[in-house]
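Student: Chains D and B, in that order, give the protein sequences.
Here the first sequence is numbered in the numbering used here, starting from 1 and rising by one per residue.
Here the second sequence is numbered in the numbering used here, starting from 1 and rising by one per residue.
A portion of the hints provided could be inaccurate.
[Claimed, not checked] Listed next, the stretches of chain D that the computed footprint assigns to chain B, with coverage defined by at least 3 CB atoms under 8 angstroms from CB atoms of chain B:
hint, segment
1, 119-127
2, 204-215
[As the list claims (entries may be wrong)] Reference excerpt, derived from the structure (chain B facing chain D, CB under 7 angstroms, subset only):
hint, residue
3, F136
4, F138
5, F141
6, S142
7, I143
8, W147
9, Y154
10, P256
11, I259
12, I264
13, F278
14, V282
15, L294
16, G297
17, S298
[What the hints assert, rightly or not] Ranges between beta-carbon positions, derived for each pair:
hint, chain 1, residue 1, chain 2, residue 2, range
18, B, Q217, D, L49, 56 to 64 angstroms
19, B, L135, D, I107, 41 to 49 angstroms
20, B, W314, D, P224, 51 to 59 angstroms
21, B, L253, D, T109, 17 to 25 angstroms
22, B, G180, D, L63, 20 to 28 angstroms
23, D, Y116, B, K227, 43 to 51 angstroms
Keep in mind that the hints were calculated from the coordinates and are not lab data.
A virtual CB, placed ideally from N, CA and C, is assigned to each residue, including glycine.
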Amino acid sequence: MNHSIFRKALSNPLALAGFVIIVLVFLLSMLAPFIAPYDPNNIDVKAILLGPSMQHWMGTDGLGRDVLSRMLHGGRISLLVGLVAVGISTVIGVLLGAIAGFYSGWIDTFIMRLVYIMLSIPSFFLILAVIAFLTPSIINIMIVIGLTSWMGVTRLVRAEFLSLSEREFVTASRTLGAKNARLIFTHLLPNSLTPIIVSAVLGVAGAVLMESGLSFLGLGVQAPQASWGNILTDGKEYIQFAWWLSLFPGLAILITVLGYNLLGEGLRDALDPRSGSH
Amino acid sequence: MLIGISLISFFIMHLAPGDITSNENAFNPKASEESRQKLREMYNLDKPVIVQYGLWLKRMATLDFGKSFASHQKPVFWQTTDKDGNVTKGLIQEALPITLMINLLGLTITLILAIPLGIIAARKYTGWQDRSITLFNFIGFSIPGFWLSLLLMYWLGVVNNWFPISGLHSLNYESLDTWGKIRDTFSHLFLPVVIPSVTGLAGITLFVKNGMLDVLQQDYITTARAKGLNDHKVVYTHALRNALLPLITIIGLSIPGLIGGSVIAETIFAIPGMGKLFYDAVLMRDFPVVMGILTIGSALTLIGNLLADVTYAWADPRVRRGVARG
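Make the full structure from the sequences, and use the hints.
Tutor: Below is the structure:
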C-alpha cells in the first residue's frame, strides 16, 4: 500500500521535483567533507569578503572563510536538526496519539487537553524561552523543536486509531481474542503509517525553517559551527557590501524546504485525492 | 486551561540554570554573596518553587505580573501609579498595541489578496492561473520570512532608500504636523506589515481555494446553475459565503503563529512590540517579563479562538440553531 502511494505521488511532476531536491541536498550535505573545496572554518585574512569567483564559487565571508564549504557543512547541521527534531516529535506524537485513540476515557481527555494547552502557547515564544535558558546547542535545539511540535501528529494518529477501531477487520481480530498489543502493532499502526509519513515529511520542512530562524536570532547553532541560519546572520552584518553572504544560505533554505513541502503535499494528494491542492 | 498554561510557562523558567543574580554577578563581579542573597529575598527567589508559583498565581489573578528585573523596575503588564502620582507605563501595555496593529493590518492585507486569488484558482482549476497560484503558494510556504525581510530591506531600504528600515518613527517625528506623522508611521510600518502578510498569503489562498472547490461540487450549486443563474452570481452569492465560513476558524487558529512570528520581524526592523520585548527579556533572563508575555500571548490565543467560535455561530445560522437546541 505504501509503495503504490509513493509511486502515485512521484508520477506528479511537482512531487518528483521535490523528491529529487531532497535527495540532492541530502547527498551534497552528507558528502560535504569530501566535496567541500576548503575547510569550512579556515580563516584566511587575505581573502575577506571576496565576491563569487572561480576560486570561491559563493565568495568568502567576513573572516575569509569559503562560503560554499560553509554552506555544504551547514547543510549537514540544518538537515540533522530537522530530521532528528521530526523524529522526536513523531515518536512522541505517535505514542500519545495511539494511547489517546486506543484507550479513550480519562487518559484521552487528559492527552487532548495537553494538546490544546500546547497549541495555545505561541510555540516560537516557548522555544525561544527554553533554548535561551538551556544555553543554545545543537542537541538542545533538536530536543526543544521536537518537544514543541508533536501536537499535530498526536491528533492525526488519534483520529486514525479511532476510525480504524470501527472497521470490521479490527473488530474481527478482537473477537478472535487478539491482545491489545497485537491489535496496535499489527493492525492499527501499520494502517496509520502513510499519514504519519506525510506529516513527518512536512514536519521536516517546518523544523528546518525553525532552526534557521533560531540560528538567525543567535539562539540556534553557535559559531564557529556553520548552519544556514547563522551564515545568514553574518550576511545581515555585511548586507551592504556582500550580497552573496545573504543570498545563498536563504536560497538553500528555500529550496530544501520547498523540496520537503512538494513531496509532502504530493504524498498527501496521492493519499487523499479530495484534498486537491494541485 | 489558563492554569495549565501558567504552570508550563512558570516551570520553564525554573528549568533554567542560573537566575537573575548570576546575571547581576556578571555585570558586577564584586557583588558579594550577601547582596545576591538580598536580591533573591527581594524577588522571593529563596522560597521553594511551589511557593513561588503560588505567589505568582495569586498576583496573576489580579492581573499583576510583577515588575521587570531588567528595565528599571517597570511593571510588566499595566501602568502603576506611585505615591507621588507618577504613572509608570507597563512594558506589555506599551508593546501590545504595536504588535496588534501590525498583525491586524497584515491580516487585512492578506485577506484582501488571498480571497480573490483563492477564488480565481478554484474557478480556473488546473488552468494556468491555478498552476501559477499553486507554485506561488509553495514558495510562500517555504520561504524563510526573515530572509525575504533582509532582501527587501536591503533592496527597498538601503539601495533605493524608499522606506526607512528600522523603528516606528523618524528622529524628527515630534516636529512633524499630523499629516506628516501619519505618513512617517505608515512608511515605517510598510515593510514590517507587508512582508509577513505576503508569506501568510500562501496558507489562506490555499484554504480559500479548497473551500471553494468543495462548495462548487455541492448539489445546491448545481441547482443554482440549472436554474440558469449566471456563473458570476453563482460564485459570488451562493458559493463564496459558504466557502469563507471555515476561514473564521483558521484565522483564530493562526493567532499563536502570528504572535510568535512577530519576534523575528520585530527584531529585524527594530519595532518595539511584543516580539522584540520578549527577545530582549529572554536574553536578559528577565523572568517576570518572559512569563508575563507567555501568559498574555496564550490568553490572547484563547480569546481569539473564543471570538472565532462566536463569530462562526453568528455567521452560520446552522451552528446558531444547533447551540440553541442543544
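Student: Compare the structure with each hint and give your call.
Tutor: Each hint tested on the structure:
1. Look at the segment 119-127 of chain D against chain B: 8 of its residues bring a Cβ nearer than 8 angstroms to a Cβ of that chain, three or more, so the hint holds.
2. Note: the segment 204-215 of chain D has 4 residues with beta-carbon separation from chain B under 8 angstroms; the three-residue rule is met and the coverage holds.
3. Of the supplied interface hints, the one on F136(B) is violated, with its beta-carbon coming no nearer than about 12 angstroms to a beta-carbon of chain D, more than 7 angstroms.
4. The beta carbon of F138(B) is positioned within 7 angstroms of a beta carbon in chain D (closest approach about 6 angstroms), and the interface hint is therefore held.
5. Nearest Cβ of chain D to the Cβ of F141(B): about 5 angstroms, under the 7 angstroms cut. The hint holds.
6. The beta carbon of S142(B) is positioned within 7 angstroms of a beta carbon in chain D (closest approach about 4 angstroms), and the interface hint is therefore held.
7. The criterion of a C-beta within 7 angstroms of any C-beta in chain D is met by I143(B), whose closest approach is roughly 5 angstroms, and the hint holds.
8. About 3 angstroms separates the beta-carbon of W147(B) from the nearest beta-carbon of chain D, less than 7 angstroms, and the hint is met.
9. With a cut of 7 angstroms, the hint placing Y154(B) at the interface with chain D holds, because the nearest CB-to-CB distance is about 5 angstroms.
10. Residue-level restraint check for P256(B) holds (minimum Cβ-Cβ distance to chain D is 4 angstroms; threshold 7 angstroms).
11. The criterion of a C-beta within 7 angstroms of any C-beta in chain D is met by I259(B), whose closest approach is roughly 4 angstroms, and the hint holds.
12. Interface hint at I264(B): satisfied, since its Cβ lies 6 angstroms from the closest Cβ of chain D, which is below the 7 angstroms cut-off.
13. Interface hint status for F278(B): upheld, as the beta-carbon distance to the closest one in chain D is roughly 6 angstroms, under 7 angstroms.
14. Hint status for V282(B): holds, given a least beta-carbon distance of 4 angstroms to chain D, under 7 angstroms.
15. Given the 7 angstroms rule on beta carbons, the hint for L294(B) holds: about 6 angstroms separates it from the nearest Cβ of chain D.
16. The interface hint given for G297(B) is met, as the beta carbon of that residue sits about 5 angstroms from the closest beta carbon of chain D, less than 7 angstroms.
17. Checking S298(B) against chain D: minimum C-beta separation of about 5 angstroms stays under 7 angstroms; hint holds.
18. For Q217(B) and L49(D), the Cβ-Cβ distance of about 57 angstroms falls inside the hinted range of 56 to 64 angstroms, so the restraint holds.
19. In this structure, L135(B) and I107(D) meet the distance hint of 41 to 49 angstroms, their C-beta atoms being roughly 44 angstroms apart.
20. Checking the proposed 51 to 59 angstroms range against W314(B) and P224(D) shows it holds: the Cβ atoms sit about 56 angstroms from each other.
21. A hinted range of 17 to 25 angstroms for the beta carbons of L253(B) and T109(D) is consistent with their spacing of about 21 angstroms.
22. Taking the beta carbon of each, G180(B) and L63(D) are about 44 angstroms apart, not inside 20 to 28 angstroms as hinted.
23. The hinted range of 43 to 51 angstroms is satisfied by Y116(D) and K227(B), whose Cβ atoms lie roughly 44 angstroms apart.
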